[in-house]
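Asker: Sequence:
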Amino acid sequence: MIEWDEGDLARRTPDPTPEVLAVVTNPFCWRVWVFLLGAGPAHARDVMGPAGLSEASVLKHLQNLRKAGFAMSSVGEKQDRWRWWQVVPGGLRLTDVLHTGDQQRALQQWLEAFVINQQTILREWLRRRDRDPEEWTQAALSFEIVARLTAGELDAMSEEIYQVMMKWLARAKEHPADMEGVRSVYAAANAVLLTGEK
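Counting in my numbering, the sequence shown runs from -1 upward without gaps.
Worth flagging that the hints you see were computed from the coordinates, not collected in a lab. A couple of the hints might just be wrong.
[Said to hold, decoys possible] Estimated spans, in silico, between C-beta atoms of each pair: (1) 75 - 193: 48 to 56 Å; (2) 148 - -1: 48 to 56 Å; (3) 160 - 120: 38 to 46 Å.
[As the list claims (entries may be wrong)] Simulated crosslink set (BS3-like; lysine-lysine; CA at most 27 Å straight-line): (4) 65 - 76; (5) 171 - 58; (6) 171 - 65; (7) 76 - 58.
For every residue, glycine included, the Cβ atom is placed at its ideal position computed from N, Cα and C.
Assemble the whole structure, with the sequences as input and the hints as a guide.
Answerer: As structure tokens, this is what we get:
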């Protein structure tokens, strides 16, 4: 039985202040958070493989995420490497970002970290794709569209995509730890205005 601090369990991620964004704009830190979101509760060593980082690096990023209010660790263990870690509910709420110069710069840095993380994971997938089991290769999805929508329709589509991804994330959390055939899967979504059109 994992023991958590009751105060941590009641928390939500903080507003995206410049101090918070300074942590999550680190591409490696954000990558650790993304994998913890899917794998948690987990030990640092459970995240190091998928994240492609050493245990020491993962621990450093987990500690920074904990300080920023984006991760929590179990109580009772003396060393962080033996603690269980999981994300704090809420995620990064970009709509809460105030339109100040500093925050806009930090937001731009986070978006760059987000895109870099996607590119890194997809490049790694392409390099090893021919070595993946056939059932996983066939199940994978690469898909894109260009559609003429209003801003309201884009907002509605974004919300629907978000809800679908959250449904499957919740289902993954219900899997027993020793369930056979389960692997870490990465899914990302982008829906943005194309440039060059007025």
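Asker: Among all the numbered hints in the text so far, which are the ones the structure does not match?
Answerer: 3
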